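Add chains U and H to chain W, keeping to what the hints say.
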Amino acid sequence: MFNYTFQWKQALARLPQMLDGALVTMQIAILSMAIGILLAVLLTMFRLSGLRLLSAIARTWVEIARNTPALFQIYMAHFGLGSFGLHLSPFASILLGITFNNAGYLTENFRGALKAIPETQTRAARSLGFGQGGAFRYIVLPQMLRIAFLPMTNQMVWAILMTSLGVTVGMNSDLYGVTQDLNALTFRTFELFALAAVIFYLITKVITLGARLIAARLFRY
Amino acid sequence: MFDTALTAADFAFLAKGAGVTILVTLVSVLAGTVLGILFGVFRYQVGPVLAAPLTFVLDIFRSIPLLIQLVLANAFLGTILRLNISGFAVACIILSLYTAAFCAEIVRGGIEAVPATTRRAARSLGMTWGQDMREIVLPLATRVALPSWIGLALGVMKDSALVYIVQVTELLKSTQILITRLQEPLLLLMICGAFYFVISFPLARFGGYLEKRWSND
Amino acid sequence: MKKTGLAVALLAATAAMSAPSLADKLDDIIASGTLRCAVVLDFPPMGMRDESNNPIGFDVDYCNDLAAALGVTAEIVETPFPERIPALMSGRVDVGVASTSDTLERAKTVGMSIPYFAFQMAVTANDASGITSFEGMKGKTVGATAGTFEAIALEKQVNEWGEGTFRPYQTQADVFLALSQGQIDATVSTSTVAQSNVKSGNFPGISVVGNAPFDIDYVALFTNREEYGLINYLNLFVNQQVRTGRYAELYEKWVGGDLPSLTVDNVYR
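Residue numbers (the working numbering), protein chains in the order written: chain W, 1 to 221; chain U, 1 to 217; chain H, 1 to 269.
Do not rely on the hints blindly, as some may be mistaken.
To be verified - Derived BS3-like pairs (lysine-lysine); straight-line CA-CA distance at most 27 Å:
id	chain 1	residue 1	chain 2	residue 2
1	H	K199	H	K140
2	H	K138	H	K199
3	H	K199	W	K9
4	W	K115	U	K212
5	H	K156	W	K9
6	H	K199	H	K253
7	W	K9	W	K205
8	H	K25	H	K108
9	H	K156	H	K108
By construction, these hints were calculated from the structure, which means they are not laboratory data. None of these values were measured; they are calculated from a predicted model.
Chain W with its partners taken away, still in its complex shape (with noise of 0.2 Å):
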């Protein structure tokens, strides 16, 4: 049918190497959310704070992530940040720019969260005796935390995909880098990176799943 021989058997005998790199991918894509997800919960308490220069802060973070290409932050990681002279290694580079990328929407999906949750909660809290940080802890952070589960899972997909910008800072060990390291030895384009993906499909399926039945444990009541 097709003018065109394919060769799966070169992309299937990469297949180690390219699993390899999908435990990078994944390693990156955790970490980033790991302190994303602290990070914003810290953004979210600057908001909250009603101090003028912290909320800012959380502001100007929030709209640059949103606003301004993930590909283009972590470029910025690396070669912006390099003018400065600070140096960080490719891993470290995406692993930040996709941190700060994480951070900044995963702050906007608390706010959307904290809309859900009654201001009378807190203050019935305050009345109990909690302070402001105890009311927020105990009550406010656990609720959010819920309601914004299934955004977080879905930024989790998305920082999974976004590993696929390292190749940009010199990174070549996570999938996306070891497929077009492949791919400049043997050019079997089209055969590596269908493999890659569906590598890709089958992790951001598993995560999926996996969020699921974590959230049907967690949050039965």
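Below, chains U and H without anything else, positioned relative to chain W:
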């Protein structure tokens, strides 16, 4: 050393890249939205079981890095099918399908947000399916869906930075070309980032405003 | 996969396109009146851009000469190093005039002409790194342009040394940007690009510190593997460029110095 070597010609070059970014975005968002509405209505109408094949295909576009989608489509259309197709066309096709995949979800969510009782009331008043869709579902679903749709359109604009991989010189690629010649990475990256921000920020704010306003009643 | 393929193909069918042609590629080029060349434009002096961002360089002139010989107009398609061969395979360009090493691995995918240029590999180091030779790179962070001859050789060398790190960047410009920022300590590149970048003054604090003991890097024009008619034409064209003195003229214009020999002793091509 500290004054910039940027010339008017370089700004024109950047503006051309920005034009390509906007053009790719407009084409893809328009085509993707039309497709997305068709897919979304279809999925809602036939139910989850019959729509499963479509759901599966659309899900693929949301589960694979856009960079890989572009590389694969480029290799598939050009290398395997031997079509004489431009990089710009490949970029538009993939970004349209990518948009459609997300848009279908938004549309389905919008339709589902219209209370079934309202729709039954409309039908019992003698409205046809078409009238019900047009007069009842469309205005109500739009209220739910529009803010998300604006977010999607802006997302597509930002993601269009990846079409450099199929030899389309858009804004970020133009910036990199100038960095190569002028070696002023910071300044050029700032200009590039500012451009995306200037387009995206007001629209994102507008989306937020609509969401707030429409959720009050 | 098949479903996506079908959907994509269907969509493509609605987009403007021409039917796949069965004529030979040489005919196609002459009939279309345009020769589309893949050229790498961040690889001075082979390919770069002038003040008005138009492509210039040895490879650009070479493509123009080839188009003139064919009686068609040249179209320069900028391709980053890793995208050169994919651009050809996906029909985006007709010929690669992109300083492409004629490796056996690549020849499995594309058809190579006889060599039209030859590179020496040089080591360029950041002055702060204290590297003064190729061996000095052992244990340091080094980089090169992804998908190039020197990147593949250098990565192998770093693995052999067993210490240090290798980083591939997407473009030659990113490599030198990273080098001048101190993100990497040294790079191996063609001596022409190294000299040209150091001389440009765009990258302060870097110097060429010596040659890399890699084989001479012969580079070839390339097109689709099965297009013998075109490959024959390219071979003759390269031969004519040398014979008529145009090769020497272009070399003097863009590089200068001793003209590299394009033949290998004691063997036929």
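Hint consistency between H:K138 and H:K199 [alpha-carbon to alpha-carbon, up to 27 Å] | This hinted pair holds, its Cα atoms lying about 26 Å apart.
Take a quick look at whether H:K199 and H:K253 sit within 27 Å of each other, Cα to Cα.
-> Measuring from Cα to Cα gives roughly 16 Å; hence the hint holds.
Pair hint H:K156 and H:K108, alpha-carbon separation not exceeding 27 Å = 21 Å, holds
Can the restraint linking W:K9 and W:K205 be considered satisfied, given a maximum Cα separation of 27 Å?
-> 25 Å, holds
Within a Cα-Cα threshold of 27 Å, do H:K25 and H:K108 meet the stated pairing?
-> 19 Å, holds
Pairwise hint evaluation, U:K212 against W:K115, where the allowed Cα distance is 27 Å at most = Roughly 11 Å between the alpha carbons, so the hint for W:K115 and U:K212 holds.
Are the Cα atoms of H:K199 and H:K140 separated by 27 Å or less?
-> 24 Å, holds
Assess, step by step, whether the Cα of H:K156 is no farther than 27 Å from the Cα of W:K9, and give holds or violated.
-> Roughly 24 Å between the alpha carbons, so the hint for H:K156 and W:K9 holds.
With a cut-off of 27 Å on the C-alpha distance, tell me whether H:K199 and W:K9 pass.
-> Given pair H:K199, W:K9 is violated - Cα atoms ~47 Å apart, limit 27 Å.
Of the hints listed earlier, the one the structure fails to meet is number 3.
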